[in-house]
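2 protein chains.
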Amino acid sequence: MSTPDPTGLAPGAMLGILGGGQLARMIALAAADLGIRAHVFAPEADSPAFDVAARHTVGDYEDEAALARFADAVDVVTYEFENVPAATAAFLAARTPLHPGARALAVTQDRLSEKSFVAGLGLAVAPFAQVDSLADLARAVDTLGRPSILKTRRFGYDGKGQVKIAAESDLAEAYEVIGHFPAILEGYVAFTREVSVVAARGTDGSFAAFDVCENEHRDHILAFTRIPAQLGADAGGMAIEAARRIGEALGYIGVFAVEMFVVGEGASERVIVNEIAPRVHNSGHWTSEGAETSQFHQHVRAVCGFPLGSTARRGTVEMENLIGDAALRWRELLAEPGAHLHLYGKRDARPGRKMGHVTRVKR
Amino acid sequence: MSTPDPTGLAPGAMLGILGGGQLARMIALAAADLGIRAHVFAPEADSPAFDVAARHTVGDYEDEAALARFADAVDVVTYEFENVPAATAAFLAARTPLHPGARALAVTQDRLSEKSFVAGLGLAVAPFAQVDSLADLARAVDTLGRPSILKTRRFGYDGKGQVKIAAESDLAEAYEVIGHFPAILEGYVAFTREVSVVAARGTDGSFAAFDVCENEHRDHILAFTRIPAQLGADAGGMAIEAARRIGEALGYIGVFAVEMFVVGEGASERVIVNEIAPRVHNSGHWTSEGAETSQFHQHVRAVCGFPLGSTARRGTVEMENLIGDAALRWRELLAEPGAHLHLYGKRDARPGRKMGHVTRVKR
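Line by line, the protein sequences give chains A and B.
Under the UniProt record's numbering, the first sequence has 28 at position 28, and the numbering climbs by one with no breaks.
Under the UniProt record's numbering, the second sequence has 226 at position 226, and the numbering climbs by one with no breaks.
One or more hints might be untrue.
The list cannot tell twin chains apart, which means a pair is met if one copy fits it or any two copies do.
Okay, derived cross-link-like pairs now, SDA-like style, lysine to any residue, Cα gap no bigger than 25 Å in a straight line [to be verified]:
| id | residue 1 | residue 2 |
| --- | --- | --- |
| 1 | Lys362 | Glu62 |
| 2 | Lys160 | Asp46 |
| 3 | Lys362 | Glu318 |
| 4 | Lys160 | Ile221 |
| 5 | Lys164 | Glu64 |
| 6 | Lys362 | Pro307 |
| 7 | Lys160 | Asp60 |
Note that these hints are calculated values from the structure, not bench results.
Here the structure is a predicted model, which means the values were calculated and not measured.
Construct all of the structure, not just a fragment, from the sequences and the given hints.
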């Protein structure tokens, strides 16, 4: 568990951000509101976050000379993606505060360690089994049944690195699809809805969660987030409590998201933890207009050692992702009363690419 | 009157901004939300807006080579201050769209032309007289009486370039104080309060005003803005209508502010136009959290040819400027529930320097 850092930074400090996509961009914009400058480190020369950062470095995450210069130039480092190489995290953490810490990365980069960690906290997860061979897979399917889902342990996101094991699926074929990588099989969860909790933990151990939000995915990519979630008070409280315990057990500093399935109804309604994202999260974008403090401001507050802000909600909120061509509707969205358009400054609207989002708040 | 430009830009466009202070910074931040990149041109190497702009140029406003390169690199130019030299504005306008246009600058840079322009629209202004000599001043004081206020025609802001002519004032001394510059004498207005209207006009002639706000100055610098203003509906309507007519007569494109005095009470309550600012304005900072669209987003929408956003107010709002040492309260303000802190990234908290502001919204 990383040691809480009681010495906060002050305005004027330089926040290092690994990754140059839209999450880094929105962290940098929030940092600017608080007088914090951003230095973005990313491999791609046309990273959207560079456009709003005081400094940027185009560099590979394995380039230790570049990382050392970056660490020397900043006061704290954070990141926008969970697949920061462990060696990179260790290298930076030896030179400058890294929030969230290496433990959060280690646990969440591997689906097996993540599931074991969550289960170890006494929280419900889908049944799962380790799969290192086709024989493992056959045994696991025997135990967990069909349908179930085979997922690579590492580098999965937006539905990548996973395949459904349906009644008629050929196991060898499925194992081929995920490239024979170390994997887990997850038992099927007959969920009624998908929700997430976006929360923050400060350097002083303080915890603040935004309201539980409900997520609608299309083609494995988040399409809509709606708040409040259609969820009973008990299950809602359970969801927030799960996030609190996860944050505490990780000694977490910063914003994180916990994706969950809702199962059962009425008195038997409960949540099952699906995934932890050790970063600001797409399902928290609604907070920019829908909460007193946005998740991006909250993250900057947390990693800089500032007090956390209020997570009070401002109304009934919907967030719609603009994926690929959907961003071409920008002019229509600008003309829509009450719609708040956010575009990420990406040049090409490729299919499946997150180009922007829009929030709608009903008060 | 500048010709309306029906061809709007698209996300990805480059917005040129003259001036690198907090207003330029907040315009650049809003532009980023809409996928618009900012190129900031300013003479000072440590300009706060550089930290959030995709590109910047350190250059003098008279450096035509630098201005030409800047004009070539951007799709439209705007500015954060009204004292853009006329030659600079003309030079840029010949090369790229300039919004607001040269006429808005010409009228508002000179208190005499501004007053004559406003009076010519049939709107109430304080009685005034041109002062080009000590003899002029003596005659003007005979006519307008004491107290009255002697103001240089150009380059006055935050109380600079003006002196009160009180009962006991020596006229020669007063004329000395303002450096014998071309001036006007303004008759004293016994106002009950100071208000302003922040409004926008789009390339299509559309007009949208934020609610009238009430301003409290200390040492001639804006200290607080409160919304709604304590103002009857008739006087409020008169204030908005004055802004609408001013915007239309200037063929204005962008956000502007009209500062006004409120005089009289009850049925005889009315507004007197004091000053026009052809730019986003400190008294509009409350809109960032207090209105559906912030003045900065609205300005970007207007100058890019996008539809104007909703100016609906979200509650009862107070904006407090953080001047000089007041910004040292940042940690306490971050911990205040419901307070939204904005810091401008300025290194030295010099007395009288605007370092940031905080908004408080009661819903």
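field: Broken hints, by number
entry: 1 and 5
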